[in-house]
Amino acid sequence: MIARFDYHVPASLDEACALKKEYGNTGIVVAGGSDVYAKMHLGDHLYDHVIDIKKIEDMQGIRWSETEGLSLGAAVTHHEIERHPVIKERYDVLVQGVRTIGSLQVRNRGTIGGNICTAAPSADGIGPLLVLDASCVIHGLGGERTVPLKDFFTGPKQTVLADDEVLVRVTVPTPAPSYGGAYFKYGRRNAMEIALLGISVYLEVADDGKTCSAMRIALGTSAPIPIRAQKTEAYYIGKDLSDRQVVEAASSIILEDASPRNSWRADGEFRRSLLKLLVPRTVRTAYGALTRE
Amino acid sequence: MFKKEINIMVNNEHYVREVAVNRTLLEFLREDLGLTGAKEGCNEGECGACTVLVDGKPVNSCLMLAVEADGSYILTIEGLAKGDLLHPLQQAFIDEGAVQCGFCTPGMIMTAKAILDEYGNPSEKEIRKLMEGNLCRCTGYTRVIKTVKKTAEALAAK
Ligand SMILES: Cc1cc2nc3c(=O)[nH]c(=O)nc-3n(C[C@H](O)[C@H](O)[C@H](O)COP(=O)(O)OP(=O)(O)OC[C@H]3O[C@@H](n4cnc5c(N)ncnc54)[C@H](O)[C@@H]3O)c2cc1C
Ligand code: FES
Ligand code: FES
Chain A
1 MIARFDYHVP ASLDEACALK KEYGNTGIVV AGGSDVYAKM HLGDHLYDHV IDIKKIEDMQ
61 GIRWSETEGL SLGAAVTHHE IERHPVIKER YDVLVQGVRT IGSLQVRNRG TIGGNICTAA
121 PSADGIGPLL VLDASCVIHG LGGERTVPLK DFFTGPKQTV LADDEVLVRV TVPTPAPSYG
181 GAYFKYGRRN AMEIALLGIS VYLEVADDGK TCSAMRIALG TSAPIPIRAQ KTEAYYIGKD
241 LSDRQVVEAA SSIILEDASP RNSWRADGEF RRSLLKLLVP RTVRTAYGAL TRE
Chain B
1 MFKKEINIMV NNEHYVREVA VNRTLLEFLR EDLGLTGAKE GCNEGECGAC TVLVDGKPVN
61 SCLMLAVEAD GSYILTIEGL AKGDLLHPLQ QAFIDEGAVQ CGFCTPGMIM TAKAILDEYG
121 NPSEKEIRKL MEGNLCRCTG YTRVIKTVKK TAEALAAK
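The listed protein sequences derive, respectively, from chains A and B. Residue numbers for the first sequence follow my numbering, so the first one is 1 and each next one is one higher. Residue numbers for the second sequence follow my numbering, so the first one is 1 and each next one is one higher.
If you're looking for bench data, these hints aren't it; they were derived computationally from the structure. Mixed in with the good hints there might be a few duds.
Claimed, not checked - The calculated lysine-lysine pairs, modelled on DSS-like cross-linking and capped at a C-alpha distance of 25 angstroms, are: (1) K3(B) - K55(A); (2) K129(B) - K88(A); (3) K146(B) - K21(A); (4) K57(B) - K88(A); (5) K55(A) - K4(B); (6) K21(A) - K57(B); (7) K158(B) - K146(B); (8) K39(A) - K4(B); (9) K39(A) - K3(B).
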């Protein structure tokens with residue numbers, strides 16, 4: 001049973017923002033509820049007010065155009081994303097990420113906005129969006145602002161969202177016609193698993209088909225918040241990605257970007273060796289997935 | 001509001017009911033409507049025993065409020081057979097011995113139905129992946145997956 005609460009269904013963004021501000025710590029915004037209701041069942045995370053935002057028009061739907069790129073409503077579910085033809089074709093790394101979330105049942109309820117706003121370092125939707133250079137469109141009582149996803153997280157489970165703000169949409173620019181993307185989730189078993197480590201890679205190469213011209217790497221569960229591995233990214237620029245030794249050599253740099261600590265799921269030492277092994281491996285997978293004309 | 005009137009179709013029956021807003025869809029189905037096919041295994045989204053279809057999509061009814069299903073069409077295991085004629089998946093689960101204690105079975109069959117409706121005739125590997133949210137403590141899954149695959153093939157051949 002879920003403890004008693006008062007239920008609000010705001011019809012507009014402004015109404016949602018006003019309720020969020022009014023109820024503060026006694027209220028919680030809910031989209032798919034896969035995170036919120038699961039925690040409420042456990043008896044912690046109790047709130048007097050639930051503010052259900054998932055029917056708000058501005059948060060719906062997947063829009064795409066070559067020039068504008070992709071725009072995902074915050075209330076779009078993971079399953080809608082994994083089944084979308086354009087996303088499958090052009091943003092495959094995002095599909096690779098969200099496909100690993102929970103189960104089909106969880107993906108039918110869980111939303112991309114909820115995944116981002118939970119701000120868990122292990123969230124499987126965040127890394128792929130980080131390497132695709134996504135931005136967050138945020139609405140508050142004072143109006144709208146756009147924040148790059150890489151600046152959205154401010155601390156463990158903390159985001160830039162103010163008391164009166166909600167996430168409305170996630171925008172993703174059109175990737176290069178030819179790029180390689182890969183998501184690798186490391187867990188102990190294959191099903192229903194929270195990532196011990198999540199690695200996302202996006203890369204582009206020059207006309208010779210092997211010299212790295214763009215590299216973006218995101219790491220989940222490697223720091224208190226999802227991060228970009230900027231030193232490692234810089235190392236790869238201009239390098240020959242067809243040379244296995246060159247790709248592997250990044251393992252000596254990766255720990256400058258992330259130094260995971262102990263948790264009940266795995267100790268830091270183990271995670272550090274995983275990073276050294278798996279970051280270059282994921283780069284190789286992404287290179288292998290490069291779409292060539 | 002603490003209570004709300006909902007308008008809901010469950011297995012071809014139309015209901016208008018007032019429910020407490022903190023009531024889960026699972027509690028509503030089991031306790032208010034007496035449909036006890038969907039089971040409560042964990043209340044955390046982990047086991048899938050509570051799976052029902054909401055507008056054709058499999059969801060964990062323990063993680064959804066009854067008020068969130070307002071205006072939706074719900075299909076539960078009780079609504080699958082046509083009179084005495086079992087759904088091909090139900091018949092196959094019996095014929096192939098894919099049921100042991102049976103606790104997971106309603107959820108398994110509802111997820112399987114949604115998968116066959118959406119994906120047609122998926123590979124065994126795809127079925128395994130798509131059914132990862134349904135736990136079974138008895139069968140070891142092999143029979144379940146084979147039964148779903150066999151039914152998918154039989155239905156696709158029709
Ligand atoms: C069994 C199970 C397995 C799971 N497995 C995974 C997994 O493998 N990988 C993974 O990444 N996650 C997993 N999750 C977590 C969760 O399902 C996802 O993070 C999901 O995307 C959350 O979305 P939601 O819409 O259900 O969020 P909700 O529960 O509705 O909300 C989550 C949080 O985000 C806030 N929020 C939601 N939308 C907005 C918005 N538009 N603006 C402002 N704040 C907002 C809420 O206030 C709340 O704090 C799992 C959950 C369960 C129950
Ligand atoms: S009872 Fe709903 S998933 Fe276990
Ligand atoms: S048959 Fe007993 S849990 Fe599956």
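So, going through the hints one by one against the coordinates:
no. : hint              : verdict
1   : K3(B) - K55(A)    : 19 angstroms, holds
2   : K129(B) - K88(A)  : 18 angstroms, holds
3   : K146(B) - K21(A)  : 52 angstroms, violated
4   : K57(B) - K88(A)   : 20 angstroms, holds
5   : K55(A) - K4(B)    : 17 angstroms, holds
6   : K21(A) - K57(B)   : 34 angstroms, violated
7   : K158(B) - K146(B) : 19 angstroms, holds
8   : K39(A) - K4(B)    : 23 angstroms, holds
9   : K39(A) - K3(B)    : 22 angstroms, holds
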